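Chemist: Residues per chain, in single letters:
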Amino acid sequence: MASVVLSEAEKLYIVHGIQEDLRVDGRGCEDYRCAEVETDVVSNTSGSARVKLGHTDILVGVKAEMGTPKLEKPDEGYLEFFVDCSANATPEFEGRGGEELGTEIANTFYRVFSSESSIDLKSLCINPREHCWVLYVDVLLLECGGNLFDAISIAVKAALFNTRIPKVRVLEDEEGSKEIELSDDPYDCIRLNVDDVPCIVTLSKIGYRHVVDATLQEEACSLASLLISVTSKGALTSMKKVGKGSLDPESIFEMMETGRRVGKSLHIALQKILDEEESLGTSRQKVGFLG
Amino acid sequence: MLTSRTFLKRTRAGAVVKVVREHYLREDIPCGAAACRLCPPRPAGAGRGLEAQPSGAASSLCPGPHYLLPDTNLLLHQIDILEDPVIKNVIVLQTVLQEVRNRSAPVYKRIRDVIQNPEKHFYSFTNEHHRETYIQQEQGESSNDRNDRAIRVAVKWYSEHLKKIEDEEKIQVIFLTNDRTNKEKALEEGITAYTCEEYIKSLIANPDLVDRLACVSDEGKEIESGKIIFPEHIPLSKLQQGIKSGVYLQGTYRASRDNYLEATVWVHGDAEENKEIIIQGLKHLNRAVHEDIVAVELLAKDEWVALSSVILQDDGQNEDDIENEEEKENILKTSVNKDMLRPTGKVVGIIKRNWRPFCGMLSKSQIKEARRHLFTPADRRIPRIRIETRQADTLEGQRIIVAIDGWPRNSRYPNGHFVKNLGSAGDKETETEVLLLEHDVPHQPFSQGVLSFLPKMPWSITEQVGVHIADVSHFIRPGNALDEESAKRGTTVYLCEKRIDMVPELLSSNLCSLRSNVDRLAFSCIWEMNHKAEILKTRFTKSIINSKASLTYAEAQMRIDSTTMNDDITTSLRGLNKLAKILKKKRIDNGALTLSSPEVRFHMDSETHDPIDLQTKELKETNSMVEEFMLLANVSVAQKIYEEFPEFALLRKHPAPPPSNYDILVKAAKSKNLEIKTDSAKALAESLDKAESPEFPYLNTLLRILTTRCMMQAVYFCSGMDNDFHHYGLASPIYTHFTSPIRRYADIIVHRLLAVAIGADSTYPELTDKHKLADMCKNLNYRHKMAQYAQRASVAFHTQLFFKSKGIVNEDAYILFVRKNAVVVLIPKYGLEGTVFFEEKGKPTPRLDYNNEVPSLTVEDTTLHVFDKVKVNIMLDASNIQHQKIRMVLVEPKIVENDVPANLSTEISSKNEPEKKKKKLQK
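Chain order of the listed sequences is F and Y. Under our numbering, the final residue of the first sequence carries the number 291; numbering is consecutive throughout. Under our numbering, the final residue of the second sequence carries the number 923; numbering is consecutive throughout.
Keep in mind that the hints were calculated from the coordinates and are not lab data. Please read these numbers as outputs of a predicted model, since none were measured by experiment. Heads up, a few of these hints could be off.
Distance ranges between label pairs, derived from CB positions [claimed, not checked]:
1) Y:Asn144 to F:Val242: 52 to 62 Å
2) Y:Ser245 to F:Val242: 32 to 42 Å
3) F:Asp248 to Y:Gln136: 58 to 68 Å
4) Y:Ser237 to F:Val242: 49 to 59 Å
5) F:Ala9 to Y:Val19: 50 to 60 Å
Taking lysine-lysine pairs in the DSS-like style, the calculated list, with each CA pair at most 27 Å apart, reads [said to hold, decoys possible]:
6) F:Lys122 to Y:Lys352
7) F:Lys286 to Y:Lys18
8) F:Lys286 to Y:Lys9
9) F:Lys178 to Y:Lys18
10) Y:Lys9 to F:Lys167
11) F:Lys178 to Y:Lys352
12) F:Lys63 to Y:Lys9
13) Y:Lys18 to F:Lys63
14) F:Lys70 to Y:Lys9
15) F:Lys167 to Y:Lys18
16) F:Lys167 to Y:Lys829
17) Y:Lys244 to F:Lys178
18) Y:Lys9 to F:Lys178
19) Y:Lys238 to F:Lys122
20) F:Lys70 to Y:Lys18
Where a beta carbon is used, it is the ideal one built from N, C-alpha and C, also for glycine.
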């Protein structure tokens, strides 16, 4: 993962600050950095979003394609994640350097979305055992400024919210042969319900306390962090510990509590901004990468 | 300004793809009005645009100056009206143009031509890229609705824009639409909108235009009146599924020439069985028109029928005569042999209409002042068409063109509208035009673009040396307008007194004509031969020829025959003749067929160009001599190009006919106690040679004529797309056309291939693309077929003219075919063929007894056999100017109890019977 090298003195300065609930950039321990969200930034996808969280810059595109349902779940569609770590983010990603991180992030998201309740996969089914929608979620890391997981999860949720899947009808004739017909109105499409799509909150243990939304410098001071996925209702859907250090059970419970609290307010803020953007309709001036 | 258009589409593999196109909007698109100072000037050469003072027909609805703006459907259906010179100053929107292009390529081409015509002042406005007229598809709006709205927005913009022009007289924009809801919406938005009918009827000065309105009936209206005659057509999507699953068969509908209640459908694809399906009866034919692509459902085996030998013509004047039809249908159903039954089906839907404008004449309604009349096309395979016209009196007796608009379920005949008047029937110019149009022969004068590729005159040779076939490919370079035009024409069409050239005259009769004593470019095929006419060496080369003498066949023949002449030219002619005779003998020994067909020539009056005498063509020895060497050159070239380009040599083949084709010939010969063997070409040729009867010398010729009817058509093909190359008639394993590049396009391609093969010219991509070559062969075969038909039609027409002046004559004739209710006779003197009917309206039907086995027909007490010699009385029947025909009256044998000439009349249809006329064996 992208990292910075800090001297012992710098680390000490950060750790001591956090002890006093004072972070280098002036935030409190449970404060997120300022985030920018814009959806519908890539026109040839079914849904897309770009999220900037401090210096972390993420672009997510969702493409809906027709495929065959998985054998064990014949009446459901499915999601595929792919994370591309651009060498723009850090020279370490050059060549195949970003692959390991990409796979790790993708696997984390498979786990986060493995919960039945996160997204209604049944609505992606066109006709059981034969056709379903496969949502390819492609994540592009443009810049790494710490707290990748949280930023990506926000971007994924925003992109899924923005996703419009064309409506298709299955026509069946007397002989039982099926024909799929595509609606000719581009507005005629299905939207996904993202109410229960979780967001990831990463809590980094620094000294005796933990912080959310750690910057790169703070990440360098943390030996262990806890990654939890929280739905808007505050339910935890998955949890993962990263980093080489250890955490005692006491602090894990504490961190879970914080994560749930912060996660809920994060969902509320995100949903509010998405609804606001949606209400502007097509007249909205797109910012894209010019902003 | 930039916006983007997004749409979804399905790929062939079944995936759904979202496509995003960038779409730029501009502000500098001119409105096209000449008086407009607000718009930037139009670029030079962009046509003349709309007039400042719109001229054109005065309308009582809108007396002021106005521009017209039609919507898509109007343009598609009423293109005939828009093409009229009276209609000027029309704005054609890009939206409309694009929709038209997607829906009908021919109409698109026509509207493009109109827009290009500076006299018409049509202006195509790029509304989709204009900032103020571009709209986006809204939620819940279908793309059709969006386009309708885009058109209305453009009309609105125009009317507001034109108001800003500072001119004393404001120009209005009139929106023309036949769509009721669209018109209502337009009126709500304050747009002046009329239906096409309203507007055209308001053009008081031009009442004739009303006739040309296409009658497009609303779906709803259809059901109210009249009873439903036809079953409903199944929608296309269902048809496609049905075809996929094999319930329906897709094929080309071919109406019968002789019987309007019968048709066959040629099923597409390679299936061996059910290749040809019989359709019988009005309901089963279900509104299909000749050449349509239709879907057919097979009937149960016990309902299968055989092709009836009845000749029926649709002559009912009353269109609601359905009972009568059923009666006629019963005539078709006669008991026949079990093994004669063929697959029979019914038309369930139309996949693609192949309607074109049809030539023909008006059958005026008997009701006075009636506006609805029936139109009888010249081609008998096309049903009669109902049209509405107020000028029936003027159109009567004229050759006119009519287009079909639709065929509702409750109508006995299709509805159509009048397009163009060609001139009075029987007039030579008109009739020639008719037969050219009917046979789809492109006969417009060569355009400037084509002529620009001709060399500048005076022309001289640059540097080259030679002999033989004019090198046309030197002048016609691949891909230019001249090449494209000649490729489209495919062949020169010879009519009795007119020639429709494939290439401009400068080439055909000067630069590519090997005149004597001038240098001409040539492509030569040179052999070294021994005295047994065996080829020792073949060489091909480009050359320059300076012909020593140009002789006609007759002149050459005279030189060979005269004993006094012994100059160089004459002796070499004799040598050639000797070799040619050996070549011919070899060919015949191989099983080549010599078949005769009566070739008719007219002696024309030099002043009036009317035919004054008929003559059957006489063949001289020199004809045969030239032919032998031409054949040899063609075979040699075919071998060479096939050897060099096994995948894309353009060759010609003549498939062997299926044995069943010979049934009629064998039966006919048997009745004269002769045996015809048909197992091989050689056996056939030999048995034809032996088939002679001392008391009936003409029998052999008749048998050969019958044999030609059994043959298949010879066709061009690409060697990479086929594996049977055999030429049956010439008994050659490989053959092509090389010797007449001036009049056949196939020869030009062969020349190019040969030139590449010997390294004399460079190749180009299309030449080595076997699919392109196969497509080209398809067009060439079509053009050749049509040219042949046109030629025969022309002969038939001139025969008519001839008999018009000749009056009534008695001639000997032979019976060629015997049908159920008629016999077909041939008059050798004129090479003329006709059908004798034994039934006539208003007369008691004579007792007819048809024997399929012999075959023979017994009328009252007289039995008629194939090859019987009869005497007929020929005259021109002009009583019905609608269809002038030659009537023949049987004089001998006399049929008892019947008054000749009233009952036994033979008729020859003069124009519409190309197929039944001699099918000449193609080389």
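Chemist: Decide, hint by hint, whether the structure agrees.
Modeler: Now for the hints, and whether the structure bears them out:
Distance hint for Asn144 (chain Y) and Val242 (chain F): a CB-CB separation of about 56 Å, consistent with the stated range 52 to 62 Å. As the Cβ distance of Ser245 (chain Y) to Val242 (chain F) is approximately 58 Å, the hint placing it in 32 to 42 Å is violated. Between Asp248 (chain F) and Gln136 (chain Y) the C-beta distance comes to about 60 Å, which sits within the given range of 58 to 68 Å. For the pair Ser237 (chain Y) and Val242 (chain F), the supplied restraint of 49 to 59 Å holds, since their beta-carbon distance comes to about 56 Å.
Ala9 (chain F) and Val19 (chain Y) have their C-beta atoms about 57 Å apart, which keeps the hinted 50 to 60 Å range intact. Between the alpha carbons of Lys122 (chain F) and Lys352 (chain Y) the distance comes to roughly 42 Å, so the proposed pair goes past 27 Å and is violated. Restraint check: the Cα-Cα separation between Lys286 (chain F) and Lys18 (chain Y) comes to about 20 Å, which is no more than 27 Å; the hinted pair holds. Distance check on the hinted pair: Lys286 (chain F) and Lys9 (chain Y) sit about 25 Å apart at the alpha-carbon level, within 27 Å; holds.
For the suggested pair Lys178 (chain F) and Lys18 (chain Y), the alpha carbons sit about 22 Å apart, so the restraint of at most 27 Å is met. Only pairs whose Cα atoms come within 27 Å are accepted, and Lys9 (chain Y) paired with Lys167 (chain F) is accepted, the gap being roughly 12 Å. For the hint linking Lys178 (chain F) to Lys352 (chain Y), the alpha-carbon distance of about 24 Å falls within 27 Å, and the restraint holds. Proposed proximity of Lys63 (chain F) and Lys9 (chain Y) is supported: the alpha carbons are some 14 Å apart, at most 27 Å.
Straight-line distance between C-alpha atoms of Lys18 (chain Y) and Lys63 (chain F) comes to about 9 Å, which keeps the hinted pair within the 27 Å bound. About 25 Å separates the Cα atoms of Lys70 (chain F) and Lys9 (chain Y), which keeps this hinted pair within 27 Å; it holds. Distance hint between Lys167 (chain F) and Lys18 (chain Y) is fulfilled; the C-alpha atoms sit about 13 Å from each other, no more than 27 Å. Restraint check: the Cα-Cα separation between Lys167 (chain F) and Lys829 (chain Y) comes to about 74 Å, which exceeds 27 Å; the hinted pair is violated.
A distance of roughly 12 Å separates the Cα atoms of Lys244 (chain Y) and Lys178 (chain F); the hinted pair therefore holds under the 27 Å criterion. For the suggested pair Lys9 (chain Y) and Lys178 (chain F), the alpha carbons sit about 18 Å apart, so the restraint of at most 27 Å is met. With a CA separation close to 30 Å, the supplied pair Lys238 (chain Y) and Lys122 (chain F) exceeds the 27 Å bound. Between Lys70 (chain F) and Lys18 (chain Y) the alpha-carbon distance is near 24 Å, which keeps this suggested pair within the 27 Å criterion.
In the structure shown, a violation is registered for the earlier hints numbered 2, 6, 16, 19, in ascending order.
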